[in-house]
Amino acid sequence: MQPETTLVEREAPAGTGLPGAAPDDDRAFEKGLDALQQETRVQSSWRSSVTKALLPVAALIAVLYAWQMYVWIARPRPDQLPGPADVFGTLGTLWQNGEAVETVLTSLQRGVVGFAIAVVIATPLGLLLAQSKILRGAFGPLISGLQVLPSVAWVPAAVIWFGLSDATVYFVVLMGAIPSITNGLIAGVDHVPDQHRRVAHVLGANRWELATRIVLPAALPSYVSGLKQGWAFSWRSLMAAEIIATGGTLGFGLGALLDQGRQFSSMATVIAAILLILFIGIVVELLIFGPLERHLLRRRGLLTGGSR
Amino acid sequence: MSTAQIEINALSKRFSADSPLVLEDVNLRVRQGEFVALLGASGCGKSTLLNLIAGLEEPTSGTIASPKAAFMFQDASLFPWLSAQANVELALQLRGAPKSERRTEAARLLELVHLSDAAAKRPHELSGGMRQRVALARSLAQNREVLLMDEPFAALDAITRDLLHDELQRVWRETGRTIVFITHNVREAVRLGQRVLLMSSRPGRVVAEWAVEEQDPVALTAEITTELRKEIRRHAA
Chain A
126 MQPETTLVER
136 EAPAGTGLPG
146 AAPDDDRAFE
156 KGLDALQQET
166 RVQSSWRSSV
176 TKALLPVAAL
186 IAVLYAWQMY
196 VWIARPRPDQ
206 LPGPADVFGT
216 LGTLWQNGEA
226 VETVLTSLQR
236 GVVGFAIAVV
246 IATPLGLLLA
256 QSKILRGAFG
266 PLISGLQVLP
276 SVAWVPAAVI
286 WFGLSDATVY
296 FVVLMGAIPS
306 ITNGLIAGVD
316 HVPDQHRRVA
326 HVLGANRWEL
336 ATRIVLPAAL
346 PSYVSGLKQG
356 WAFSWRSLMA
366 AEIIATGGTL
376 GFGLGALLDQ
386 GRQFSSMATV
396 IAAILLILFI
406 GIVVELLIFG
416 PLERHLLRRR
426 GLLTGGSR
Chain B
1083 MSTAQIEINA
1093 LSKRFSADSP
1103 LVLEDVNLRV
1113 RQGEFVALLG
1123 ASGCGKSTLL
1133 NLIAGLEEPT
1143 SGTIASPKAA
1153 FMFQDASLFP
1163 WLSAQANVEL
1173 ALQLRGAPKS
1183 ERRTEAARLL
1193 ELVHLSDAAA
1203 KRPHELSGGM
1213 RQRVALARSL
1223 AQNREVLLMD
1233 EPFAALDAIT
1243 RDLLHDELQR
1253 VWRETGRTIV
1263 FITHNVREAV
1273 RLGQRVLLMS
1283 SRPGRVVAEW
1293 AVEEQDPVAL
1303 TAEITTELRK
1313 EIRRHAA
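Taken in order, these protein sequences are the chains called A and B.
In this text, residue positions in the first sequence follow this note's numbering: the first is 126, and each later residue adds one.
In this text, residue positions in the second sequence follow this note's numbering: the first is 1083, and each later residue adds one.
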């Protein structure tokens, strides 16, 4: 029973199956075994997903109800706590006079541009630090520290440097977002299993191929969660900057609306602005980062059950 | 048939200067197209020997001559973000196969391990046995003359393992690869190998050798098991 010594596989004659292929029985046995051993995934019914979507709506109604009850029973001063009707009335007015759209667009545009710049800076920075032990040792703790530092702390410095201009806002946003994105990428590269690298080596990957075909795809979920956190920091930093630094050449954003509500002692405007800020945050999470993260994890079989 | 494809002379390995020898004076010749089963208890350095042949480690002394080898690990080690087909295609790409051929070649290799139906599935959707078959297809995609296998079926259930034994034998006959197969299972060694080598532990050394062909497998399994037990008992003292 000497084996063939040819190094190239013999071509299978067309239509007759492979030489030495298992008879039909064995093939069926193998298929049966494959079928038995594969996980059968239970698709969640549309009913359960509707229930899941309705839960937060129910919670929202409960909160509104409690709020309204409190206003009816405790009768707080309207300038301290207006009722839901007043707040939605204010929202309606803001919508009609165009301020709602203007502020949301101004802030969102700044947030998106600032976040995009942060990604462009943080990504190569993260790759560099993940690659170089020396740079990592030198700058790693600083970047982790910056991640903890509330980016509001940069507002006074930014106002002194850049005045009341868009540069101030962008600077604060960048200082908020860059550390998170950088750290997410570094953590992702760090957690690439050694076995992946060994396999890549055995498969003959060079350094470039190792980085682009194995390390980066493997680090992607962690990078995306860094992006998500980076966006959250961008958005918070932006609001902080807009509240503190108003006027000048700065446009009228959500933070400025919030500040205006405070100056006019209009609690309804303040709450309306908070709701708008919250709404944008939830929409971005629900429409962009949530689905992206779930898609990545599901593709890798890392999302079981999926309660989020 | 007598040309040696892998030749190892007086190979020794220790991981650091003050650590004990893992492998001591290992000498081994594997002929082209031969299927060698390397048998030993846990911790005998058989995986280290395989890593040395693959070039994943450097020898402390002695020489190894081997062409570049494909490698199959105990866990399939597929990339979880790629489908079965894409895992195989990646191996083809890294080997330098032209883009136009990759798709059909990967499909052909998956058919060779009877997994055409599962080509689009991702590793987490496959059973352990199917993942190992994809890993086998991937290592064949490397198109190397030597295939090193590090206990690739150890984590599988008995039915699947039997099936994969048949499959590996078939693939070996069809492709004429030189295979070095590591196992701690005597039956598996006798079932698959043309030649069974027994390694001692601490330090690892090749201490006995059997040619499987034309021997009664049951008697041979009993004989090798006795030797393996004797070797393990030596460490009781």
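Source of the hints: derived by calculation from the structure; they are not laboratory data.
Some hints could be false.
Stated by the list, open to error - In silico DSS-like pairs for lysine-lysine, Cα to Cα no more than 30 Å straight-line:
1) K258(A) <-> K353(A)
2) K353(A) <-> K1203(B)
3) K1150(B) <-> K1181(B)
4) K1203(B) <-> K156(A)
5) K177(A) <-> K1203(B)
6) K1203(B) <-> K1181(B)
**OP:** Return the numbers of the hints above that this structure violates; sort them in rising order.
**Re:** none
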